[in-house]
Amino acid sequence: MYKNKDRYLSIILISPSILAVLIFVYGFVAWSMRVSVSAWKGLNPDYTFVKLNNYLGLFSDPRFHVDVRNTLIFTGVFVIGSILLGFILAVMLDQGLKGEGFFRSLFLFPMAISYIVTGVVWRWLMNPATGDRLSGLNLLFSQLNLDFLINKWYTTEGWGIAAIALAAIWQMSGYTMAIYLAGLRGIPAELREAARIDGATEIQMYRYIILPLLAPVSLSALIILGHMSLKVFDLIIAVAGKQLPLDVPAIYMWQTTFDGLFYGRGAAIGILLLISVAILIIPYIRYTLKAEGSS
Amino acid sequence: MFKKKMYAVLIALIVATMVLTACGGGSKKVEVFSWWTGGGEAAGLEAMIKIFNDKNPNIEFINAAVAGGAGTNARAVLATRLQAGDPPDSWQGHAGQELIGTYVAGKQIQPLNDLYDAEGWLAVMPKTLIPLISDGGNIYSVPVNIHRANVLWYNPSVLQANSVSVPTTVAEWITAMDTLDAAGVTPLALGEQWTKMHLMETVFLGTLGADKYNGLWDGSTDWGSADVKTALDNFQTILGYTNSDSASLSWQDASQLVINGDAAFNVMGDWAEGYFRELGKSPNTDYGWAPVPGSGGVFQFLSDSFVLAVGAPDEDGAMAWLKIAGSKEGQEAFNPVKGSICARTDCDKNLFGVYLQSAMDDWASNVVVGSLTHGVVANDSWKSEIDTALGLYIQSSDVGTFQTALVAACKASGPCK
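If you're matching them up, the sequences are chains A and B in order.
Number 8 in this note's numbering belongs to position 8 of the first sequence; there are no gaps in the numbering.
Number 295 in this note's numbering belongs to position 295 of the second sequence; there are no gaps in the numbering.
Treat the hints with care, since some could be wrong.
Stated by the list, open to error - Simulated crosslink set (DSS-like; lysine-lysine; CA at most 27 Å straight-line): (1) B:Lys127 x B:Lys28; (2) B:Lys328 x A:Lys51; (3) B:Lys127 x B:Lys281; (4) A:Lys41 x B:Lys328; (5) A:Lys41 x B:Lys107; (6) A:Lys41 x B:Lys417.
These aren't lab readings, by the way, just hints derived from the structure by calculation.
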């Protein structure tokens, strides 16, 4: 009897949020799907069914090709960069050095800043001006006589998006570090000691003991960083504005929907984004649920 | 039983609140939606609101401005409100197809021909302007200010030092830029993508002339023609004389290169003049201006204008506002502060600076054509397709593909068949 009452109460208490999620998340996902197969162009809704034409149009749209290429480059550079840097920082902090708390906060701070602020700062740092107007990092390189490092940053033909990923790495590597640090702390000291007694070098210990034990942590980091990079929007807008060489699906979706009034096409891009994130997230959720169920 | 009473009380409370909010005020009001939230624009709007309040003391003015340059955020907010059936009484939009293609096509705004007749505005606005803000013979908006898009800004001392005179044709312009390039000066300052579209439309105008340029937008000039190919080739040549870091510069940064003597020319709308003044520069000594080469005698305009909503909650209030927006008094209050000229040709010249006075002369005498980048000649969908084609072209420098994409854009979203 008592248990039953608790159950009713809990259902009543969470029902508003369940209702809100149902309407504002799944309801609108369904509505976007409907728009994405409609002919809606212009201010007034037009739900004429056009099959998958909006999607097919995107697959043959040269701009969408640019978007997909940029997303792949961004994801690659950003995820690999953040994980490598985060892992190295975590291992270094894990050596029990003095002032660990200070360094930990120092590396974590960038995460507390919004992408817009990061973007504005890096826009200035990565100024591609030449000659007398040299500034930002390029000016620093020139004064240190490292002229070979001077480059065009985010205006580099074809690869500008990688420069944006640098800013994102700066922002998120501290967070990755924190995840890895927690993982490292969770590894019992006995395991390391056992490895050392068995004569493993430090490198062998990391390669054969630590890294395999950190696999679930790496997977979490990969998923979190991966879905962030698929949705990247504000950072690019803050660094470079709306420019096609740095276009990604989220920017195309915004521009084509609200500047161009192609609602059907915009919704189709949104759904493709959702699918790409889902491909990344769903196996992860299943994996986590399984792990929780077995424990 | 107790529960039922509770429900009854709750419902009564909710109904009471709704009735109270609906009755709130009771007097007349007008809600005007714009993106004038900062600088001279906001100050100009305030000046107009003051006149409105003086003349209409019984109508409450609600300033529903949403921040964001050129209205990018405001327009998304407006679209949401219109789709929800909650229009403001009047809102700001770039005069021309940006309004017509979106809101007339969506049956959201009303024709204003009666207002124009009653106020005698047809007699005080340029004849070539009216077709550009009309659709099917109906005029749909009241332009408050006018900016000119086809202005070539130059640094007089840089030109003098290299013995270059101000070019009047595209060919002269290219020769002049050759000389400057050889002398180690950046010939033409350029900024981010939209400033490239701005440059492109002025090169189109300079190459094709006013008639064929207008034809691009009503379907009578073929986008696939040799003329357009020549214009695109000119555009390609001219892009070759620009600074390499254009993608990282705002329009202000680009204009500043000219003022600082780092570049000789810049093509930008005449809001650049307001920026030069802000920097403390003086006309004719620190900066000079001319129509973009090839477009002399043509005024390529853009304008902020106000409309009347279909189903405006307070139509009388909206009409009272539009009367102020189109009046000599209202425009003379707004434009000197904003740094633009009146849409009317009878404003007092003494209120304006040297550059704006020359623009007023041209506005009253030149052939008026509309700007693409700033919403006059092409609807939003068409413009965004052109923008995408331009972006892809800047990456590839392939004129042929660009022209094919422009032809396709006109067919998909413009008047071409």
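Going down the list of hints, with the structure as the test:
1. B:Lys127 x B:Lys28: 35 Å, violated
2. B:Lys328 x A:Lys51: 54 Å, violated
3. B:Lys127 x B:Lys281: 35 Å, violated
4. A:Lys41 x B:Lys328: Given that 27 Å is the threshold and the Cα spacing comes to 38 Å, the pair is violated.
5. A:Lys41 x B:Lys107: Given that 27 Å is the threshold and the Cα spacing comes to 14 Å, the pair holds.
6. A:Lys41 x B:Lys417: Holds, at about 18 Å.
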